[in-house]
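S.K.: Sequence:
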Amino acid sequence: MMLTMRGYARRFSLPDDWQAAVHEAIGAQKDNILLWLPLFTGGGIGLYFSLPFEPPLALALSLWFLITALWLLIWPLRHEGGRQMAGWLVLCFLFFLVSGFMAAQIRTALMHAPVLERDLSPVEIEGTVIDIDRLEPGAGSRVILTDLVIEKLRPAETPRKVRIKIHKDEGLKTGMRLRVLAGLNPPSAPVAPRAFDFQFYAYFKQIGAFGFAYDAPEALAVPSKTGFAGTVEALRQGIVNRIEAQIPYPQASFAAALMTGERAAITEEDWEAIRAAGLAHMLAISGLHIGMVAGLLFFISRFVMALIPVLALHYPIKKYAAAFAFAGALGYTILAGANVPTLRALFMTGLVLFAIIIDRMPFSMRTVALAALVILLSAPEALFSAGFQMSFAAVTALVFFFEVIRPWWSRLYRGAGWGRRVLMYFLGVLLTTLVAGSAVAPFSLFHFQQYPVYDLPANLLAGPLMAFVIMPSVVFSFFLMPLGIEFPAFWALDMGITGLLAIARDVAALPNATVNPPVWPGLALLCLVLGVLWAMLWRGRGKILALVFVGMAGAIIMQARVPDVLVASSGKLIAVNRGADGWFVSSRVRDRFSAENWARLYGQDYETLGRFPKEGTADGITCGEWGCRMVLKGRHIAFSDHENGQAEDCAWADVLIARDPLRVKPCRAGLVIDRFDLWDNGAYALYVPDDPSALPRAESVASVRGARPWVSSSRR
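Sequential numbering from 1 applies to the sequence shown in our numbering.
Hints in this document: simulated from the structure, not taken from any laboratory.
There's no promise every hint is true.
No farther apart than 30 Å at their CA atoms in a straight line, the calculated lysine-lysine pairs in the DSSO-like style are these [stated by the list, open to error]: (1) Lys633 - Lys614; (2) Lys633 - Lys665; (3) Lys205 - Lys168; (4) Lys205 - Lys161; (5) Lys205 - Lys152; (6) Lys205 - Lys165; (7) Lys165 - Lys152.
Simulated restraints, written as ranges between beta carbons of each label pair [as the list claims (entries may be wrong)]: (8) Val515 - Pro661: 38 to 44 Å; (9) Leu456 - Ile334: 29 to 35 Å; (10) Asp147 - His167: 19 to 25 Å.
For every residue, glycine included, the Cβ atom is placed at its ideal position computed from N, Cα and C.
Given the sequences, and given the hints that come with them, work out the whole structure.
M.R.: So, in structure tokens, the structure goes:
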């Protein structure tokens, strides 16, 4: 028996020279081990969130302890070569893979809070204001309330936080206790399978309901001492109020976004122009802004200290300037809301400044990897946010690129005169834009189905404005506001933002300013990211495998199918893909939110969506009193708007989509989706195969997401 087992082992094992090559290839990654750790940690996080069920925490803990014990057991072998080194590295990567999985599961358990299960309207709410987002003039504010008492809900059912829109928002302040009559809704499910999951977003914000106020709120108590968070929020609102008093709209909304991170007041029209020009990164506070603030404070403070002979000759003013710059960056981060991109930027800026203090090289891929590792372990859900992905993609690409060209760049800069330095500045802006734009393009296409065609010239024009006018004005405004003499800085900030907006609007107005393809499959993005990271991180001839990952991404994108039919979870809206003629919707009035998101997901402007005929036949769709019918790839598809037409539709259709519960039993249609299916499973996407003998495939939101803590049923 033993001989037989050994024979099988020899048969399926690699030859000795191959084994040595594999062990050598794995061992060669030892010096790059820190750079690989965020990748494996993210892999564990992605594995947890992709499961269709909630795994037992005890299983993850047991596996983590087992791998930790094995890893520590062979720790002394980490300096050996061959199999021992390869085994140690494999266990190290497995440790961080399981650590990411466990961190995501623990974070999910810690963030659990009650979620509203049904619509409540009208209902009286009492709560304390912890956050205010001012909307555009006349639109009111969005506020987040906590410490809630909600009519018709028991304490155990009451959400921890709710967000409501208040139109009459005069006198609102953070820390205020108020009572308001409002309508509340549960967080909405995705509008289509694999679309943006708003319930996931709300779960990790601990917001259990969203709604709107019917009238002005009643103040029950004036703001009291609410701790550090309340003080910071009050300071942010004070800054916004001073901006709005001295800078005209819409420039004021952009100034508020840059100084406090409050972007809600920016109109959708301006947002579209900014995105179309490829300048959205200039408003989302991240590495660009934190780095500029820290850099300005570093050079200004060092220059001032250099003017004082006692300090310049006897003290390490460079290190003092680095400490002062970090303090300023920390304060700016707190004012900006301390979201994931700003925290990542602060952490990386802190490492850079700390490296200056201890006389080390400040910029490296290790800094980026360490920042990613800290954020992934502390807030695992950030892995799926566009902000996290795009900011790290840009920073990783820039650091890697400039590490590669550093020797050449240093030789070119050394001994250069002012003319060459000016040219090198613009060349640096050009290269930075090209590298960062290329790095974030896949994520922009995946999350927003948009790529700005003219982002390079737009950034070349806007970059100097941001670096030399806008951000210096922001920094000086912070210093001048306590003295009440902020007007000169605000004036310069107004001029800079006016120029930035003019650039964005002019670029966005150019023909074919954006490319809007259909949404990418998530697996394609994953393969593309793995391919690029593999090329960056792998040491040795194995880099060629990066082409395999990139090729897989391309193949997945090319073979991805767009749905033929979409059904909203409300049952009130249906969309049909007519190929070259685009998408047609059953209504332009019902469920417009779903229609707008469907159009964006599949690369079409909402205004160009076709419309089902009210009566008669048009574009292959026939509609009557009880619903509509069409023949798609040889299949009869019926959309029943009323139970009176169900019997006839059941007799005719291969696929029946009924807005009401199905009353006809049995129904001849091979595939039936009725009101109860939509309640239980959410929105549907239907794929009609070319083979006439095959039934269409139905995919629902519930079938994609499974039963997870952040998933609430569509049944209301």
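S.K.: Output the indices of the hints that this structure fails to meet, ascending.
M.R.: none
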